[in-house]
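Each chain, written out:
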Amino acid sequence: MTEAAPANQVLLRCQNVSVRRGEREVVRDVSLALRTGELVGLLGPNGAGKSTLLDALGGAVVPAQGRIERDGRVAIALQSPDLARRTVLANVTLALAWWGVPRPQRADRALQALATMGAEHLAPRAARTLSGGERRRVHIARALAVRPDILLLDEPFAGLDAETRATLLQDAASALRSRARATLVVVHDRAEAWALADRLLILIAGELVAEGPPRELLEHPPSQLVARFLGFDGMLTDAGETLLTRPPHVILDPAGPLRARVTRAVALEDGARLELELEHGRLYTVAPLPAPRPGDTVRVRVQGGVRFPLAAPESVLASI
Amino acid sequence: MQLLWDELRDAVPLIVHGNPYLLSVVWFTIQVAVIATVLAAAIGVPIALVIGLGRFPGRRMLQVFANASLALPPVVVGFFLFLLFVPQGPLGALHLTVTRKAVFIAQTVLALPYIVALTAAAIQGLPPGLLAQARLLGAGRRQLCTLALREARIGVLAAVIAALGTTLSEVGAIVLVGDNVYGYDQTLASATLYEANAAHYADAVAIAIVLIGLILVLMGGVSLLQQQDGGIRLRFRSAT
Chain A
1 MTEAAPANQV LLRCQNVSVR RGEREVVRDV SLALRTGELV GLLGPNGAGK STLLDALGGA
61 VVPAQGRIER DGRVAIALQS PDLARRTVLA NVTLALAWWG VPRPQRADRA LQALATMGAE
121 HLAPRAARTL SGGERRRVHI ARALAVRPDI LLLDEPFAGL DAETRATLLQ DAASALRSRA
181 RATLVVVHDR AEAWALADRL LILIAGELVA EGPPRELLEH PPSQLVARFL GFDGMLTDAG
241 ETLLTRPPHV ILDPAGPLRA RVTRAVALED GARLELELEH GRLYTVAPLP APRPGDTVRV
301 RVQGGVRFPL AAPESVLASI
Chain B
1 MQLLWDELRD AVPLIVHGNP YLLSVVWFTI QVAVIATVLA AAIGVPIALV IGLGRFPGRR
61 MLQVFANASL ALPPVVVGFF LFLLFVPQGP LGALHLTVTR KAVFIAQTVL ALPYIVALTA
121 AAIQGLPPGL LAQARLLGAG RRQLCTLALR EARIGVLAAV IAALGTTLSE VGAIVLVGDN
181 VYGYDQTLAS ATLYEANAAH YADAVAIAIV LIGLILVLMG GVSLLQQQDG GIRLRFRSAT
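Chains A and B, in that order, are what the protein sequence lines are.
Following our numbering, the numbering of the first sequence begins with 1 at its first residue and continues without gaps.
Following our numbering, the numbering of the second sequence begins with 1 at its first residue and continues without gaps.
If we strip away everything but chain B, and leave its shape as in the complex, we get:
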């Protein structure tokens, strides 16, 4: 207990005095979390709409696949990405190993299943008559998608929260593809691991405290939007 107290006491000045290394890691973490979540949403929401609204054979299999991918261990994902990115791998020509790009890609891949599975489930949970009625009154594909996302907005935001959570806290995959290079491609989570491995416990505690604070701020913000009047008022224009 004394050790924890001592490390906490030593960590406070590091946070309060705005250590440049710590600030750069915070900034990179925010960039990774936001960009990876946005990319995952941009790729995942259309896939979720296909699963949620589509009427084609194999739709259920896709949903099962999306749900199963939620349980993929990040280390396994990171290892496969590493194999893709190494110079001898299929994407070796892109020179992605030990780069920031690799970290963005890994976090996007990890966030994608949350967006796809949870958004598709939220759309499938809508009252079936709502979408069927829209189809019968002439709603086109774009109008149906807009209606589905707007009506399922609480579930969609839950998917975003889950995706954001994983991009903030995941370590295994990014360490494998980015090698956790000090001050270069470290996120707060991987930097905590780095400092702990180096027995710099005060630094590790400081970084962990900042990470928890960042998680509370970002997740809290999105959660507040989600809860506002039963869901954020997403501004979709009615397609004419």
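Pulled out of the complex, with its shape left as it was, chain A reads as follows:
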């Protein structure tokens, strides 16, 4: 594909793909599609097979089963932002040389990509002198510079401190969005997924268990497995139903209908995260200071959460 593809055109489609690493099937029967203009987040716990799926989508690994169709060139940015012992600009132009961009175009394109990532000022610096956050910026800029039709990024914000990550995330959120490209970003952290993605794919134990816009998935997780992974850590069981809650759903209220005992309190910056034991389950909430202490009895009400039939096996829940 040489020119910008029309909006919503499928650039990458994989059907029933399974990938093996040695004897182990790491990705199982995954089907998905990436379209032009989309920024898709691939979210999953450690060892879910996210990087393996990314490798397979990019053609770095051959699937044991299934079909992957790509319409255009794919660039993968690996998790580790290793750069050559050259200047930042030379690193990006080198990537353009690998990609096959004619020499006269390289410097301009490299500087443009660096500017997109807010890293233009780093161009003359030696790569070895960069901080972790700067290296990540250059690493992403290098992938953007080649202007692939499909861009796959493996945990581009891994290993950064919270402040650096927040700033980089802010810049990357707009830099990674392109109408001419389909972008898939593997993320480990839910906050990154909310900040970046138009659409989320959730991979657990090698299987694609949910797909949809982040807000929709959070409000209506399709299964208990997905809900627990998305942070629904509280659970009440009653009358043939399981109610799963996130901390904002659980409110301390002296007039609340439920009686609970505080079993654990973890201090936070502006309050405490409380573990509450109730007659039919356990809930978690965040309370402002002064927060109740372990052993205290409190009244709570639940506002929101998601309900599932009681049949969900505990062993599955425990695995996430």
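Since the hints were derived computationally from the structure, they do not count as laboratory data.
On a predicted model such as this, the values are computed, not experimentally measured, just so you know.
Among the hints, a few may not be true.
As the list claims (entries may be wrong) - Computed far set for chain A versus chain B, every beta-carbon distance over 10 Å:
| # | residue |
| --- | --- |
| 1 | 18 |
| 2 | 33 |
| 3 | 64 |
| 4 | 76 |
| 5 | 79 |
| 6 | 81 |
| 7 | 82 |
| 8 | 97 |
| 9 | 130 |
| 10 | 212 |
| 11 | 238 |
| 12 | 249 |
| 13 | 255 |
| 14 | 265 |
| 15 | 284 |
| 16 | 307 |
As the list claims (entries may be wrong) - Beta-carbon label-pair distances, calculated as ranges:
| # | chain 1 | residue 1 | chain 2 | residue 2 | range |
| --- | --- | --- | --- | --- | --- |
| 17 | B | 70 | A | 120 | 34 to 40 Å |
| 18 | B | 68 | A | 223 | 41 to 47 Å |
| 19 | B | 223 | A | 31 | 33 to 39 Å |
| 20 | A | 108 | B | 46 | 53 to 59 Å |
| 21 | A | 33 | B | 142 | 52 to 58 Å |
| 22 | B | 142 | A | 120 | 28 to 34 Å |
| 23 | B | 60 | A | 47 | 22 to 28 Å |
| 24 | B | 70 | A | 45 | 29 to 35 Å |
| 25 | A | 31 | B | 68 | 49 to 55 Å |
No residue lacks a Cβ here, since even glycine has one placed at the ideal position from N, Cα and C.
Take the given structure of chain A and dock chain B to it, following the hints.
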């Protein structure tokens, strides 16, 4: 102690007055060291790249073999080369015994393991993401090799230093294949042995001093290049 002092005192005029024999041995030593190291690099670097970058079964075995060959006694190497070169040997038709060519070949063979093992190790020591990322961004085989050598340049130059060191100082193999013929196929190291065996201690000391000086100059020069700004700036053009 007096003997050493006397021999040192007698050796100085031999060095200072530019003894023609000594000069010819110095020149041949430099030729052997440089040519054997260059040949070993020309043969060894591609092998090291295959070991360092290749993804094929048996790659580890090759690395083990390369590492093990570092410990080969020069005399053993020289003896096998001698058996190859003698008129009855497989390469007898080439008439290499007691020739300068045999000395060049022996030193190249001895330098080769240093180039292969140390260069391959330097390439394998590169951050794995660097080469993998280059592959994923479309780098071809030539571009990968260029990147690997450039990034591993400190290790590659360490390999060259080690190879150069062995070509300057090794004696056993070249004496076996070249017979240490006076003024013909002698290097400074083999000439030292020759003069010492003949009890010409002042000559042996003079040659040894020159050898040490040459080692310091050549090795020091390459080491300086290696240390310059974290490694010599090798000029590789980016392959397009």
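task = Find the hints from earlier in the document that the structure breaks and name them by number, from lowest to highest.
result = 4, 5, 6, 7, 8, 17, 18, 19, 20, 21, 24
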